[in-house]
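**Student:** Based on the sequences and whatever the hints tell you, model everything.
First to last, the sequence lines map onto chains A and B.
Sequential numbering of the first sequence, starting at 1, is according to full-length UniProt numbering.
Sequential numbering of the second sequence, starting at 1, is according to full-length UniProt numbering.
Heads up, some of the hints might be wrong.
Claimed, not checked - Just the calculated beta-carbon pair ranges, DEER-fashion: (1) Ser28/B to Glu103/A: 21 to 31 Å; (2) Lys32/B to Glu196/A: 46 to 56 Å; (3) Thr63/B to Leu205/A: 47 to 57 Å; (4) Arg148/A to His17/B: 38 to 48 Å; (5) Lys138/B to Lys185/A: 34 to 44 Å; (6) Asp33/B to Thr113/A: 15 to 25 Å; (7) Asp61/B to His144/A: 42 to 52 Å.
Bear in mind the hints are in silico, worked out from the structure with no lab data behind them.
None of the values given here were measured: they were computed from a predicted structure.
Cβ atoms here follow ideal geometry from the backbone N, Cα and C, with glycine treated the same way.
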Amino acid sequence: MEKNGKGFSMPKSSLKSTPSKDDSSQKSKEGRKVQFNNGGSPEERFDYSKSNGKSSSSADKGGRGNTANVKASKSKEKEPLELRLNQELLKNAKCLMDCEAAEIIQGIQDQMTLLSQDATIKLPVSFHKGLQYSQANARYTNTHSVRRVLDTLKKHGVVEGEISVIANACPESTEEVFALVPSLKSKKSILQEPLEVALMVIKPLRKVDSTSV
Amino acid sequence: MFFHIVLERNMQLHPRHFGRNLRDNLVSKLMKDVEGTCSGKHGFVVAITGIENVGKGLIRDGTGFVTFPVKYQCVVFRPFKGEILEAVVTMVNKMGFFAEAGPVQIFVSNHLIPDDMEFQSGDMPNYTTSDGSIKIQKDSEVRLKIIGTRVDATEIFCIGTIKDDFLGVINDPTA
Numbered sequence: 001m002e003k004n005g006k007g008f009s010m011p012k013s014s015l016k017s018t019p020s021k022d023d024s025s026q027k028s029k030e031g032r033k034v035q036f037n038n039g040g041s042p043e044e045r046f047d048y049s050k051s052n053g054k055s056s057s058s059a060d061k062g063g064r065g066n067t068a069n070v071k072a073s074k075s076k077e078k079e080p081l082e083l084r085l086n087q088e089l090l091k092n093a094k095c096l097m098d099c100e101a102a103e104i105i106q107g108i109q110d111q112m113t114l115l116s117q118d119a120t121i122k123l124p125v126s127f128h129k130g131l132q133y134s135q136a137n138a139r140y141t142n143t144h145s146v147r148r149v150l151d152t153l154k155k156h157g158v159v160e161g162e163i164s165v166i167a168n169a170c171p172e173s174t175e176e177v178f179a180l181v182p183s184l185k186s187k188k189s190i191l192q193e194p195l196e197v198a199l200m201v202i203k204p205l206r207k208v209d210s211t212s213v
Numbered sequence: 001m002f003f004h005i006v007l008e009r010n011m012q013l014h015p016r017h018f019g020r021n022l023r024d025n026l027v028s029k030l031m032k033d034v035e036g037t038c039s040g041k042h043g044f045v046v047a048i049t050g051i052e053n054v055g056k057g058l059i060r061d062g063t064g065f066v067t068f069p070v071k072y073q074c075v076v077f078r079p080f081k082g083e084i085l086e087a088v089v090t091m092v093n094k095m096g097f098f099a100e101a102g103p104v105q106i107f108v109s110n111h112l113i114p115d116d117m118e119f120q121s122g123d124m125p126n127y128t129t130s131d132g133s134i135k136i137q138k139d140s141e142v143r144l145k146i147i148g149t150r151v152d153a154t155e156i157f158c159i160g161t162i163k164d165d166f167l168g169v170i171n172d173p174t175a
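**Tutor:** Pasting the structure below:
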């Protein structure tokens with residue numbers, strides 16, 4: 001078609017534009033710097049040596065601890081996700097509550113005392129520490145009931161890691177749960193009621209601690 | 001926290017262990033090699049709970065050793081950032097305190113201890129509130145949050161805080 005009687009038409013290409021405009025847009029793109037926070041940085045850069053009681057070296061660590069505090073507050077948004085993200089690292093792993101772990105490890109110790117014909121098999125230090133820790137924190141009389149009750153929260157989007165933290169912490173109220181597990185705060189409205197019910201059900205299952213005030 | 005996980009390992013066995021006790025020898029070697037170790041990915045292997053599968057052995061060229069791929073179930077302890085733990089204090093100094101939760105060591109810097117708690121030196125160094133109502137000393141039980149983990153080849157070391165809500169001393173041994 002002839003337009004304007006000129007006998008030709010200027011092809012308009014989306015790729016072509018006036019050079020000056022191009023440069024300026026490129027320059028503005030070059031000028032933009034997108035910064036990403038390196039989430040893992042402060043903790044990975046810590047260089048704590050093993051149980052060091054020396055004040056001179058730990059003075060440096062105190063200083064680093066300060067910056068970590070500032071950075072930790074800035075990366076708080078990422079911290080709540082850590083429990084969820086790290087679940088992907090242990091994909092085939094089943095998260096255990098401390099009471100469940102105590103039962104399993106105690107069972108293994110009982111087996112070892114029965115079957116230990118080989119004197120060279122000695123249970124390592126981490127076994128005893130793990131057993132001691134799990135037994136100290138095994139606060140429920142009926143592990144299976146607690147597991148069944150807390151698993152009902154899964155349909156509201158609570159992951160296994162969060163369920164284990166809730167079980168291990170023995171919270172008194174839903175407020176405590178949301179304070180200890182910040183990743184659940186986004187679902188507070190959905191979780192409030194089922195969590196209250198679950199806590200009410202597992203409260204009587206707690207072992208009575210004679211040392212508590 | 002504790003996890004129940006299936007891991008795989010290639011076990012090398014010397015021909016002197018072959019015979020009808022081959023499997024038992026393989027399992028006991030696995031337990032000696034693996035239990036008590038720590039890896040960055042899986043944490044501390046606390047105990048092996050069972051053997052899932054023992055694959056076919058392959059004879060290594062040049063030596064008589066045979067490699068068996070073994071799949072086993074085990075309980076591991078791996079701390080995570082954001083996790084709430086109850087730990088027992090092992091040492092207190094002016095920089096903070098060290099605590100132990102199972103096989104894991106956790107350090108809480110004095111910057112991550114509430115500001116109203118001050119360090120008191122002496123025979124039993126401790127952190128005490130101004131009114132003396134709350135004390136953190138050796139053997140105290142504290143609830144803390146892990147804010148960072150450092151993974152070594154054989155060890156996991158954590159940094160914790162007690163400066164948030166619902167954290168702090170649970171049990172005072174002197175009470």
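**Student:** How does the Cβ-Cβ distance of Arg148/A and His17/B compare with 38 to 48 Å: does it lie in that range?
**Tutor:** 44 Å, holds
**Student:** Are Lys138/B and Lys185/A spaced within 34 to 44 Å by their CB atoms?
**Tutor:** With a Cβ separation near 35 Å, Lys138/B and Lys185/A satisfy 34 to 44 Å, so the hint holds.
**Student:** Note whether the CB distance of Asp61/B and His144/A lies within 42 to 52 Å or breaks it.
**Tutor:** Holds, since Asp61/B and His144/A (Cβ atoms, about 51 Å apart) stay within the stated range.
**Student:** Between Thr63/B and Leu205/A, is the Cβ distance one that fits in 47 to 57 Å?
**Tutor:** 56 Å, holds
**Student:** Looking only at beta-carbon atoms, does the pair Ser28/B, Glu103/A fall within the given range of 21 to 31 Å?
**Tutor:** 24 Å, holds
**Student:** Hint says 15 to 25 Å; check whether the CB-CB distance for Asp33/B and Thr113/A agrees.
**Tutor:** 22 Å, holds
**Student:** Would you say the C-beta atoms of Lys32/B and Glu196/A sit inside 46 to 56 Å of each other?
**Tutor:** 49 Å, holds
Going through the hint list in order, the structure satisfies each hint without exception.
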